[in-house]
Amino acid sequence: MSTMRALVMTEVGKTGIAEKPIPEPGPDDVIVRTTHALICTSDTHTVAGALPVPPGRTLGHEALGLVHAIGSNVTGFAEGQRVAVNAITPCFRCRYCQAGFTSQCGGPLGGYKYTGQVDGNMAEYFTVPYAMANLAPVPDSVSSEAAVYACDMLSTGFMGAEHCYLRLGDSIAIFAQGAVGLCATIGATLLGAARIFAVESIPKRQELARTFGATDIIDFTEGDPVEQIKEATGGEGVDAAIEAFGFPQTWEACIRVTKAGGRVSNIGYHGENPNPLPVPLDAFGMGMADKSIHTGLCPGGNDRMQRLFALIGTGRFDPTLMTTHTFAFDDVLEGFRLMQAKEDGVIKPLIVF
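In case it helps, UniProt numbering puts the sequence shown at residues 1 to 353.
Careful: at least some of the hints might be erroneous.
To be verified - The calculated lysine-lysine pairs, modelled on BS3-like cross-linking and capped at a C-alpha distance of 25 Å, are: (1) Lys342 <-> Lys204; (2) Lys342 <-> Lys14; (3) Lys259 <-> Lys230.
Keep in mind the hints are simulated off the structure, nothing from the lab.
Take these sequences, add in the hints, and give me the full structure.
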């Protein structure tokens, strides 16, 4: 067999299955035979035209599987070994990487190579670049169904919590409880937040937020969430807020809901909003409220992956609770359509090869 099937963007607004050659490894690469993958909302943004990718580009950036072929410079891996790779695959050599900004490898958002710059990994086989830095063995204590969440959702959600610089006993508001917002809730719980306000209106997501550590559910359909949170905190607001939705309204709400000296962490994608994001000057203290805003993209690398596997493997949380649908790769187009339409209570569709 010399070809494989891949989920591709055939043109803006359309997807399809294409036959492509099975990739060959370069000296620093590993080729993985895919066994499990997740569909991300970012993939649907790409198909909608958010990224300037050419027709025929393979989608996907959340996948794991078994080592198929190993580049000549790569050591420490064996064919058939179960492995995973982060959505971000830095070179760990450029000045951005050496300065600690691995997600920005080579320039703004440059670490996001899958789909953005090269074929993604929603395919029967995929390439892991700079494999000795980016490829991580999956321990026996972690199922593939759980491990695949480390590729993006957990890594990104935890980064959102990390960028809030939480102290034990802090309060935090997390706007939206999709998969990445739910993972931010897990991260805030692990980092010691005492009170976690999860802003969400969908009952299933509210339930999961509580399971993952949220202490207060704020339903924005019942009134302004900022006012609800301020009322619950005696008018003070919270120490930190996470924007996990990518909407101007939730961005502004994060700034308004944080108290003076608060931290705002952005993990939402704002590429579909053509207008500048608003900064309410009153809540920003006319620029002098000692509030900080930290944006980010998950850092990538095998150390990051192994840390996430350690947390999953010791039973600190169960990410598979976010898997609402499972499809065989034969039915991946239906899974992608479901994610686009956000129907049937979908949070994350798992694709099994």
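Hints, one by one, checked against the model:
1. Taking the CA atoms of Lys342 and Lys204, the gap is about 13 Å. The hint holds against a cut of 25 Å.
2. Taking the CA atoms of Lys342 and Lys14, the gap is near 17 Å; set against the 25 Å cutoff, the hint holds.
3. Restraint check: the Cα-Cα separation between Lys259 and Lys230 comes to about 9 Å, which is no more than 25 Å; the hinted pair holds.
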